[in-house]
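Listed below are the residues making up each chain.
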Amino acid sequence: MVNSLYTKRSDGRKMDEVRPMKAKVGIVPSADGSASFETGGTKAIAVVRGPRTLHPQHMQNPQKGILRVSYGMMPFSVWDRIRPGPSRRSEEISKVVEWALSSVVDLSEFPNTVVDVFIQIPQADAGTRVAGLNAASMALAHAGIPMKEMVSAIAVGKADKTLIVDVNKEEEDFSEGEGATDIPMALTSRTKNIALLQLDGKISPNELREAINMGKKACGDILKVQMDALKNVNGGSDNE
Amino acid sequence: MDNEERQIVVPGETIVSGNEYLPGDGAYRDGNEVVSKRFGVSNISDKHVRVIPVSGTYYPRRGNTIIGTVVDITHNGWLIDFGGAQNAFLGVSEVPRYINKNELREFLDFGESVVVKVWDVKGRGIDVSMKMRGFGKLEGGMLFSVNPNKVPRIIGKEGSMVKLIRDATGCEITVGQNGKVWISGSDVQKEILTREIIEFVVNNATINGLTEKVEEFIKSKGLKGSDVEIVAENTDGGEE
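Protein sequences, first through last, are from chains A and B.
Residues 495 to 734 (this note's numbering) make up the first sequence, in order.
Residues 8 to 247 (this note's numbering) make up the second sequence, in order.
Chain B extracted, bound-state conformation (with noise of 0.2 Å):
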């Protein structure tokens, strides 16, 4: 993606004018201008003017990864609340194995967390799935919420940061795209320390070389860098 302008703008700001620009997420078109709709970062590429939000609520995206707890149980399949707008709807054929229709509670229970997969986003709810590697229901290990808007920092440039620390602590971590973040490590020591590594990242997700802060945070901490028992599974953290 090529970034020609990145500047903030606010609700009502002018982006560009010029009939040849398209509004896309977060914009509208006003006559000859291109204005903004959302508080965020605008974006034009290839004339092509989006705005990316900065703070606020998860909007999800198809293709997010997102943890979520089961709030509901229906005929045919699972509420799952994420922390979004509305519910998520995680249907029996998307999960990876036959589940007969009056056993829902076994597979799924209310309360209990899942990683799952955004497969649809429409106006009257979203579509998710688990049926990848990678996704299902979580066992064990901790559960706790950050700034959704600091996701691609814990994440980093193509999972360099979560590698980090995972490879620090030799927990092993997920992060859904809603924010929500669950270790699991050996005990409940490592996990603890795992979460104050994350916190940090999210705390200081402005300052530049952070991958560098980060590594000295690790090392105050008393870890040499790399643990034993690596989990080289689970990466989900491709996309954005």
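Extracted from the complex, chain A is given alone in its bound form (with noise of 0.2 Å):
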């Protein structure tokens, strides 16, 4: 980190603190569950409905239940207005979330159903993958779905030769030096694997191992904020 021209981060964090987050769960009477999960400006929606007979048939898997997440951002989400409906980009992050919780949901017991995970990003500043992996996780509890273990993800980055952990809009958009690097990356609670590790930009191999050890770490605490928020989900709100 000598000579890095990202010196300072323009929100006055550290370069190894996590936004500001806030979680609730059971945000959707209807569902079968729901929770949203918030970093700084980027807010986080998710719904579970199912277990539920899939249709058409022929997708249906007689050995278990099969896991299906759709991602998709609100018109409203960003400053400038996104086309709603599924895009090049939502379809990979629905599909990278999916096989992220895949690794820790265990649907062997509802053969030929399927497990829905819708979602929606109503604010957007950067990281709203591992926001939604978050919510997503905290979501598939609630409803009662057999897991093996929770989910945290976080975005861990690079501006210029700087480590940095919970990436936001600004420091993704960082263009002095080197430019700016992107890892999302999921870790599951209690075996500790990494369940999604994507990586968009530059970065060395010991760098690389760096940031998913700031990580880990900031996994740990995100953990504890969606633990409280299901812990406190009966303590007086559950019908809202």
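Keep in mind the hints are simulated off the structure, nothing from the lab.
Among the hints, a few may not be true.
[As the list claims (entries may be wrong)] Beta-carbon label-pair distances, calculated as ranges:
#, chain 1, residue 1, chain 2, residue 2, range
1, B, 174, A, 710, 51 to 61 Å
2, A, 596, B, 159, 25 to 35 Å
3, B, 14, A, 596, 25 to 35 Å
4, B, 167, A, 506, 50 to 60 Å
Note that CB positions come from ideal geometry on N, CA and C, so glycine has one too.
Dock chain one against chain two, each of which comes alone in its own frame, and use the hints as you go.
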């Protein structure tokens, strides 16, 4: 981090500090499970429906239930309007989030069924896929789906030569020096396995290792927020 | 059931450690520890560890009374949708009278509702029966859904809450463990009132002294406590 052009974060955070987080469970009464997760200016809502019979029938798996994730940004979530509906980017995110969650959910008790996870981003300031994944993990637990463990996710990155945790939009667009690198990652809560790891930009192997370790530490904090939200769901404000 | 220890657990959280404990419903063993597989309340009795779900969809268990709707008719029975992951199967031999296989529709047609008992829960589907007293086709009355996790509160201790409501309004009430409630009274006004009372119970399920609150609510609706026609039969509140 010598001679890096990025020495101070615009919002005054420390380099390994996560934006203030807020999590809530049970926000959609008609769903089987739901949760919201916020970090700074990024907000994600996840809704779970199921397990229910899967149609069309040819997609059914007679050995176990399947997980289906759909991710979408709301048109007003960013500065200029986002065209609603599926796009290359949203299809990719749906898929990687689905793979990350598939490693923890256990749907072997529900053959021929589907569990649908809907992730919506009402407000975006980078790191929407990890916020969505955090919300989805809570919503799945809230829906009573059998899971081996929870998933917590964070975007780590690099602005010029400085490693940073919980990248925001400004840092994601940092263009001086070496530019910006964005690494969304997800960690399972018990076995501490990596369930998702993507990389956009340039980084050396040693820096990547260090970045992942910073991310793992941050995932511990996120897990606490998720667990608090789940444990307080029946503490009075259950019916909203 | 003695409950030594009750706490809210999150998937992946260690409930107890020790090889003498046995993981039951909603729990699994990981090395020396018994870990939660589901979000719910942990319950340890006789070294047997279970997690009882507090939210999410309804999972049928043997002996449950459920209310469902006929969605399909096969050559030897009916398929019943009860809001669970799969449809339940009601065979011709599980109904109280002999039915000619060509005349299944005459006994139970599409869209008609039934009260049935869960006979067997297998991975591949669930079998139900209506051979015992108190089960059968629902005719007239009003059918509505509540959160299945609140059903034990509607029933109360050994059916005390249903009895209270039934005595106050004179309506016959059948509560399915899957969250479907059927009310039948002498006139629609009474049925609507009964529904209001049941919804009051569901919305206030977590408060202390619920019975007194319900009695107050009943009084505020202009009912005295015991109307005439009390239907004594069809008490299904026994289980759970």
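For each hint, the structure was consulted:
{"no.": "1", "hint": "B/174 with A/710: 51 to 61 Å", "verdict": "holds (60 Å)"}
{"no.": "2", "hint": "A/596 with B/159: 25 to 35 Å", "verdict": "holds (33 Å)"}
{"no.": "3", "hint": "B/14 with A/596: 25 to 35 Å", "verdict": "holds (28 Å)"}
{"no.": "4", "hint": "B/167 with A/506: 50 to 60 Å", "verdict": "holds (58 Å)"}
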